[in-house]
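Residue numbers (our numbering), protein chains in the order written: chain A, 1 to 474; chain B, 1 to 405.
Hint data in this document are derived by calculation from the structure and do not stem from the laboratory. One or more of the hints may lead you astray.
Unchecked claim - Here are the simulated DSS-like pairs of lysine-lysine, each with C-alpha atoms no more than 25 Å apart in a straight line:
| # | chain 1 | residue 1 | chain 2 | residue 2 |
| --- | --- | --- | --- | --- |
| 1 | B | K49 | A | K473 |
| 2 | A | K192 | A | K450 |
| 3 | A | K177 | B | K156 |
| 4 | B | K230 | A | K177 |
| 5 | B | K81 | A | K473 |
| 6 | A | K260 | A | K228 |
For clarity, every value in this text was computed on a predicted model and none was experimentally measured.
This is what each chain is made of:
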Amino acid sequence: MSLDFDRKDCFVVDGKLALPYTYFAGRMGSKFITTLRDEKKIMGVKCPVCNKVYVPPRQTCEVDMTDIRENWVELRNTGEVTNFTVIRYDDKHLPRKAPFILALIKLDGADSPFAHILEGIAPEEVKPGMRVEAVFAKATTSTILDIDHFEPARVSKVQVSEPAERTQAPAAAPRSKEEMEQDERRKAMSKKVIITAALAGAATMKNQNPAVPYTPQEFAEDAYKCWKAGAAMVHVHAREDGGMATHDHKRIKDTHDAIKEKCPDLIVNMSSAVGMGKTAEQRISQIIHVKPEMASLNTNTMNFSLVDRKSGKVFIDFVFENTFTMLQDFGKAMEEAGVKPEMELYDMGGLDNWLLISKQGFFTKPYNFNFVWGVAGGQAFRPDAFMTMKHALPEGANFTTCGVGTDQFPAITMSSLAGGHMRVGLEDNIRIPTGELAKGSYEQVEWAVKIAEIAGREVATPDEAREIMGLRKK
Amino acid sequence: MAHRKKNRNVGIIGIGQTKYSSHREDVNQPEMINEAVSAALKDASLTMKDVDCIVHGNMELFEMVHQPDLWHTLGTGAYGKDCIRITTGGTVGATIACAADNLVASGMYDIVMAIGFQKLQEGHTTGGITNMADPLWFRHLQTGALTGTKAYDVIKEFGEERAKRASLMYRVIMDKHAGLNSNAHRAFGLEFEQIDDLIKTSPKLVGDLKLIEMCSQSDGACCVIFACEKKAKELSKKPVWVRDHITVHREEVFVMFGYDDRHPFPMTHRFAAEQLYKRNGITSPVDYFDVFEMYDPASWWAVDWLRDFFMLKGDEHLKLVENREIMIGGKIPVNPSGGVIGSNPIGATALIRVAEAALQVRGDAGTHQIPTPVNHALASGFGGTMWTVLMMLEKELNWQGVNNG
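Bound conformation, chain A alone (with noise of 0.2 Å):
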């Protein structure tokens, strides 16, 4: 098409508009410029019914249209480089001079990304998912600038075994006539019972109970059946062909894929314990790798042996460390990643351990504790010593509970008739109570089921137990 069409005697009215324009940043969008500005802290908001972080924050979570105003957190100043562009002209409006790099990026913690500058690299080594860290202005200009830009970071991997460098406060937030309506539903709800089946755990053997699952397959098939017998829950160490527990990502995840596929309605719950002998970084890495629904968390340092019951004679002597660090980083990592941890409780010490680290606000509600009983190095079951653990709770918190070998049914019978959930399993014990060799996890689980009965209260189904310990489905 030509461009040379006729011009001529064709008027044309210059003008220019200038507007008056303001902006209302509202409250919280001033909070988190105000808190940029003043303490050098980039915040944003968690929603605490699907667990997405946004940043910047807002008042409402777009996707379920949860209140989210008062669920403040506090992000890392390093995250990972989603996508990006680079400004190849100058212009008065703009805060660089051309050629500059603008990406996009998604803070650790946080699920929304946002614009920013990126400095120190040059543009065609810039690649989405590349590490960056935020650099601070050193003056303020009371907005986004008081991040002066973002530059590679120093340390490329999430160090979640060291501590963090600050804490937050807790978020004191009034609770509202919908907070307390679904505080009653869940406690409604509690009257149903939870039945975990932990089917392998890491260290019960194909040479002590055959039906230990190994593979995959073999979990999934396990999975199925205690699904089946009503066990709304599987907790889950994935161990190798050979029977060893494992840290390997793909083959915790290609484990905990196979239960999804062969029975999606069942949650998994994965074991940030793994195995004797795994690392901070090994132990927490897997979980956000898999992000299951839920992920134990263990709360103290104790011993974990096997020693002979009947002569006491130690056979293997081993420290199972959870230090205040571990139960807090892991507990955040947990917590941002969408996973809920359900606290591993293995006497009154870790309660109160849980309690303090708890003070810094980033757990959300409603908990869930598991009490563990007869393990050597922990406390055995003892119902009066049950019963005081289930009162230091904190208020509407829910527990299970489970016990080694013969303490396994005493302990889940007690816990249904005080109002708990139960787990069992082979991770656990290998018998069934008549004292034969349980055909599986689901074996237990049917016991698990009669104990339920007894007691009056039904079996929750998966979805139940979501609502009751505060899941959402994935």
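On the provided structure of chain A, position chain B as indicated by the hints.
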């Protein structure tokens, strides 16, 4: 003027409003909208899951935000839902009510949420309105609804003293109504004794249009939920039924080319009213309706328009005002809410008329509820270059015998 018979009946089952005020520094736009949306959902005992479609409306570019419906998803709850943005100027609030009614009546959606809002303090109305005029002929800065011609007309017809007193009488009545409505932006506490003083002292804006007679600029949002008959009956104890609505406009009569005595320009009001009443078999609207929520941008207009909307003759409309028959407790209460003179978040303004009329029918208007039963309500929208929208609301589903097909 054919009006097709409705495919199915539509009821209003949820109403939510923000407080209207001059500034809302504490919320941004989606946050402000969410206040109205949450209130409407609560009023209807629904969650966003129940809503099938959102109709979003405001005066375009008054906040200097392009595609506001997308930015506002956080407040409207439109995530993953059908959402339609409508903008027809000052009438937009009424247009989204009509659109929501049509969308439900058509069978496309069972539950539709209409959201009107404006945050006038953020942008510049003149900047938005100025672009209406063709710069080749005239693009002086336009001030929208600010015009003195109606004062001139009324004074010419009824004499200066009577006309000015009627305008101020209307204004004081609106102020008294606004004083009863906790959501209203402006309630000065005016008294009838001040009428003569105000005529002398209130600053003149254009001709005889005085500051006290003009509406405000407000920030605020309104949300109304429409449902099909089946859902409305299931979900609501007191659904308010949308009987009919009509939209009339004559875009060419923007009065910049001079005033033509043969075609007084707000003819759209009378034309719309005539058509609507004719097809609904209403012969005396003043007797038929129990309340009228009128889009009254200024008291001069309001007084004059009563004659058009109620199809009155001579000075019957002035007498309604002078005898305070338009007050709560009078023969035909107009704007128990305080009207547009009381609160004017423009994109919400015409929807507020529908919302307030529906609240009166439900009997839920609280301190500004009309004490006598409200079975039939009328709401109007006004804007642009003489647009009129009228919507009729009913308490009972009993007009089907009337020939409106």
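Going down the list of hints, with the structure as the test:
no.	hint	verdict
1	B:K49 - A:K473	holds, 17 Å
2	A:K192 - A:K450	holds, 14 Å
3	A:K177 - B:K156	violated, 59 Å
4	B:K230 - A:K177	violated, 29 Å
5	B:K81 - A:K473	holds, 21 Å
6	A:K260 - A:K228	holds, 14 Å
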